[in-house]
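Engineer: Heads up: the protein sequence lines correspond to chains A, B, C and D, in order.
The working numbering puts the first residue of the first sequence at 4, with every later residue one more than the last.
The working numbering puts the first residue of the second sequence at 4, with every later residue one more than the last.
The working numbering puts the first residue of the third sequence at 4, with every later residue one more than the last.
The working numbering puts the first residue of the fourth sequence at 4, with every later residue one more than the last.
If you are wondering where the hints come from, they were derived from the structure by calculation, not from laboratory data.
All copies of an identical chain are treated as equivalent in the list; a pair is satisfied when it fits inside any one copy or across any two copies.
Below are the DSS-like pairs computed for lysine-lysine, each with C-alpha atoms no more than 30 Å apart in a straight line:
1) Lys76 x Lys133
2) Lys106 x Lys16
3) Lys16 x Lys133
4 protein chains.
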Amino acid sequence: MHVTIENAGAAIKAAIEKAKAIDTFMCVAVVDSGADLKAFHRMDDAWVGSIDIAIKKAKTAVFFGMPTGEIGKLSQPGGPLFGIEHSNGGLITFPGGLPIVDKDGVMIGAIGVSGSSVDNDHTVATAGAKALGTWELPAHPWRT
Amino acid sequence: MHVTIENAGAAIKAAIEKAKAIDTFMCVAVVDSGADLKAFHRMDDAWVGSIDIAIKKAKTAVFFGMPTGEIGKLSQPGGPLFGIEHSNGGLITFPGGLPIVDKDGVMIGAIGVSGSSVDNDHTVATAGAKALGTWELPAHPWRT
Amino acid sequence: MHVTIENAGAAIKAAIEKAKAIDTFMCVAVVDSGADLKAFHRMDDAWVGSIDIAIKKAKTAVFFGMPTGEIGKLSQPGGPLFGIEHSNGGLITFPGGLPIVDKDGVMIGAIGVSGSSVDNDHTVATAGAKALGTWELPAHPWRT
Amino acid sequence: MHVTIENAGAAIKAAIEKAKAIDTFMCVAVVDSGADLKAFHRMDDAWVGSIDIAIKKAKTAVFFGMPTGEIGKLSQPGGPLFGIEHSNGGLITFPGGLPIVDKDGVMIGAIGVSGSSVDNDHTVATAGAKALGTWELPAHPWRT
Numbered sequence: 004m005h006v007t008i009e010n011a012g013a014a015i016k017a018a019i020e021k022a023k024a025i026d027t028f029m030c031v032a033v034v035d036s037g038a039d040l041k042a043f044h045r046m047d048d049a050w051v052g053s054i055d056i057a058i059k060k061a062k063t064a065v066f067f068g069m070p071t072g073e074i075g076k077l078s079q080p081g082g083p084l085f086g087i088e089h090s091n092g093g094l095i096t097f098p099g100g101l102p103i104v105d106k107d108g109v110m111i112g113a114i115g116v117s118g119s120s121v122d123n124d125h126t127v128a129t130a131g132a133k134a135l136g137t138w139e140l141p142a143h144p145w146r147t
Numbered sequence: 004m005h006v007t008i009e010n011a012g013a014a015i016k017a018a019i020e021k022a023k024a025i026d027t028f029m030c031v032a033v034v035d036s037g038a039d040l041k042a043f044h045r046m047d048d049a050w051v052g053s054i055d056i057a058i059k060k061a062k063t064a065v066f067f068g069m070p071t072g073e074i075g076k077l078s079q080p081g082g083p084l085f086g087i088e089h090s091n092g093g094l095i096t097f098p099g100g101l102p103i104v105d106k107d108g109v110m111i112g113a114i115g116v117s118g119s120s121v122d123n124d125h126t127v128a129t130a131g132a133k134a135l136g137t138w139e140l141p142a143h144p145w146r147t
Numbered sequence: 004m005h006v007t008i009e010n011a012g013a014a015i016k017a018a019i020e021k022a023k024a025i026d027t028f029m030c031v032a033v034v035d036s037g038a039d040l041k042a043f044h045r046m047d048d049a050w051v052g053s054i055d056i057a058i059k060k061a062k063t064a065v066f067f068g069m070p071t072g073e074i075g076k077l078s079q080p081g082g083p084l085f086g087i088e089h090s091n092g093g094l095i096t097f098p099g100g101l102p103i104v105d106k107d108g109v110m111i112g113a114i115g116v117s118g119s120s121v122d123n124d125h126t127v128a129t130a131g132a133k134a135l136g137t138w139e140l141p142a143h144p145w146r147t
Numbered sequence: 004m005h006v007t008i009e010n011a012g013a014a015i016k017a018a019i020e021k022a023k024a025i026d027t028f029m030c031v032a033v034v035d036s037g038a039d040l041k042a043f044h045r046m047d048d049a050w051v052g053s054i055d056i057a058i059k060k061a062k063t064a065v066f067f068g069m070p071t072g073e074i075g076k077l078s079q080p081g082g083p084l085f086g087i088e089h090s091n092g093g094l095i096t097f098p099g100g101l102p103i104v105d106k107d108g109v110m111i112g113a114i115g116v117s118g119s120s121v122d123n124d125h126t127v128a129t130a131g132a133k134a135l136g137t138w139e140l141p142a143h144p145w146r147t
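Required output: the full structure, derived from the provided sequences and hints.
Structural biologist: What follows is the structure in structure tokens.
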């Protein structure tokens, strides 16, 4: 099951409203459950380097069904997933990417945000994901 | 000078309206004059393979300041640009990508469309580009 | 909706039986509707170079919801899709890749076969796809 | 000497049985001694991001003839192989990849597993490798 373009638009709209509310300039990407890009929005004055990061955060979140920051905790030097960023054409494993889970507990896609501090990125991603349900993923197994 | 997100939104809106009017399912990408992604929209039921093609068409159009189909005429076997598709991380040189030129004749970005026949792709891209001005680029040199 | 591993196993089994029946040595790949690899099987003595081709054929077929050979007819020099192979990390556009469509007309994935003549590759891919339904895709739109 | 498809099937079967026994959803890849993919199996509900990781673990294990986790010990910051993950199109150097060594001490391929904790990945890879012999590699040099 995949995020629809209506879903993606609603998530981006909520994310951009939050970005403006906290006075930031963000790139926001939404991917479907196959990690393929559904919609993207770069605010004026957002960093050009954030384009790729926002998209990679969204992909990373859906690749493993968890917030990107959770993966980053495990991929530090000495951690169990050190170096995982080298997979799948490049991952981004700091906060700002969140799975999007619908009311039935199905992961339908993910949102990735980049453009400010990772705290701000996470805040904006959360606003986007919550517009469609919650980013709290149910325990495995889930349908993809 | 770069396309704004308001510009990009208007171009995508016009393109999607045209896509629906001719009963197609399109991916639409808008890049700025630096060939960096500004906004992207994948209609439900559009081909997954069209994501990358729409983005590459937009990039190709702005890379060389001309419609993608014009480059394709020159990149045929025996032509002066044969094999140019191997540059810049991959070009797409058939119709569906157009520079976006504002009222002052400045190329501010480009639009790329993929999802149907190349004629339909071109039609939809034209609708998008015209929402912001015209895709007819003035003679070299131009400001970017 | 995605091909299950049971589906993928059945398609590969049917493909391999056909490959043996016509005395060939094949690589067979099955991807889901998001173009992500589900299962892969390389027969002993199959060409090493066919690994990537089989996978790319399967991806190409699902990217555009049509047999790879149909795309190849359009991507010849002078054709409307000349150079499309440069997209999506590399396409293979000669025969041997087929969408897998279930009884309800939903494209659930694709199969790609490489290792012999393109006629043989197509024959083996057809045997695999038919094990799950038919590779005749209904007219747009279809659910993915 | 290369793993046969019969070998690969037996290794994957044993790995999947173990994966089910410990209630996990795995991707399992088997490569031959040339690091070329022989067989791949993605269980339903396994992470999409694990496809590439399982394949890269198998390749990494055969590239250097040792368990991936052993390489990871050497590639930490300050270690002798820091950054080795940048080679060969991307390595994965945490546990879950093991060489497959036959009864005569010949490395005939490798198995890579991804989809759960690295401990579970390693457990499942071990079950797969042991189906064909042992993953304990004899001292250098060995035949490939």
